[in-house]
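Listed here are the chains, written in short residue letters.
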Amino acid sequence: QKEVEQNSGPLSVPEGAIASLNCTYSDRGSQSFFWYRQYSGKSPELIMFIYSNGDKEDGRFTAQLNKASQYVSLLIRDSQPSDSATYLCAVNRDDKIIFGKGTRLHILP
Amino acid sequence: EPEVTQTPSHQVTQMGQEVILRCVPISNHLYFYWYRQILGQKVEFLVSFYNNEISEKSEIFDDQFSVERPDGSNFTLKIRSTKLEDSAMYFCASSVGVFGVNTEAFFGQGTRLTVV
Chain D
729 QKEVEQNSGP
739 LSVPEGAIAS
749 LNCTYSDRGS
759 QSFFWYRQYS
769 GKSPELIMFI
779 YSNGDKEDGR
789 FTAQLNKASQ
799 YVSLLIRDSQ
809 PSDSATYLCA
819 VNRDDKIIFG
829 KGTRLHILP
Chain X
2 EPEVTQTPSH
12 QVTQMGQEVI
22 LRCVPISNHL
32 YFYWYRQILG
42 QKVEFLVSFY
52 NNEISEKSEI
62 FDDQFSVERP
72 DGSNFTLKIR
82 STKLEDSAMY
92 FCASSVGVFG
102 VNTEAFFGQG
112 TRLTVV
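Which chain is which? The protein sequence lines are D and X, in order. First residue of the first sequence: 729, per this note's numbering; consecutive thereafter. First residue of the second sequence: 2, per this note's numbering; consecutive thereafter.
It is possible that part of the hints are untrue.
Restraint-style ranges between C-beta atoms, simulated for each label pair [to be verified]: (1) Q798/D to G41/X: 21 to 29 Å; (2) G769/D to Q65/X: 32 to 40 Å; (3) S56/X to K730/D: 36 to 44 Å.
Partial selection, computed: residues in chain X whose CB lies under 8 Å from chain D [stated by the list, open to error]: (4) Q18; (5) Y34; (6) V44; (7) F46; (8) E60; (9) R81; (10) V99; (11) F100; (12) E105; (13) F108; (14) G109; (15) Q110; (16) G111; (17) T115.
Hint data in this document are derived by calculation from the structure and do not stem from the laboratory. Backbone N, C-alpha and C fix where the C-beta goes; we use that ideal spot for every residue, glycine too.
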């Protein structure tokens, strides 16, 4: 079983709509969960992190965590063409984080 | 805004040659990491470094790899005898506390290593 699983996509969303990205993880001991955005050929850029069950909002982004279901999601409201990128889910294991393979998001103008 | 800087941005080397990738972490950070990303694949953990020693390493980080903090600012990754499969983007990261334990890490822009 992969540690962090994401649908590779591409996920196509019309501009202005809500993009919903999902991630599951296998280690029940994980405590910290991260969403990174990565443009092609660039480094991962942190969007949000979440530690507690429930929702966490930051501007157009909302992270949702359900530890019982081992599920993390990221909602992007009012999607913009600049949001087109690969979104990486990451979870902590020991003193490092493990990344998923990422979901490619394409915002349709 | 403080940032992690990596040099060079692109390195081309012949198979069997040694390469050193350099990183300058954020100045007050204590934990340092190397990750790599083979084209089209996920970002993979290589090694973490704290208090001048390796704290954890992955299966990828074999005897061909080494890390060093030669002075107060640089953090280097050395690959002794490069192989074609070492071609990847290498990312350095640093954090104030242990990465992932209520602490985020900041990534450098990466070094693209091409082994020919």
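To see whether the hints hold, each was checked on the structure:
1. Q798/D to G41/X: 21 to 29 Å: holds (26 Å)
2. G769/D to Q65/X: 32 to 40 Å: At roughly 25 Å between Cβ atoms, Q65/X and G769/D fall outside 32 to 40 Å, so the hint is violated.
3. S56/X to K730/D: 36 to 44 Å: With Cβ atoms ~24 Å apart, the hint is violated.
4. Q18: Hint violated; Q18/X Cβ to chain D Cβ min 24 Å, cut 8 Å.
5. Y34: holds (7 Å)
6. V44: holds (4 Å)
7. F46: Holds - the Cβ of F46/X comes within 8 Å of chain D, reaching about 5 Å at its closest.
8. E60: violated (13 Å)
9. R81: violated (23 Å)
10. V99: holds (4 Å)
11. F100: holds (6 Å)
12. E105: Cβ of E105/X sits 6 Å from chain D, so the hint holds.
13. F108: Holds - the Cβ of F108/X comes within 8 Å of chain D, reaching about 4 Å at its closest.
14. G109: Status holds, d = 6 Å.
15. Q110: holds (5 Å)
16. G111: Holds. Min distance 5 Å.
17. T115: violated (13 Å)
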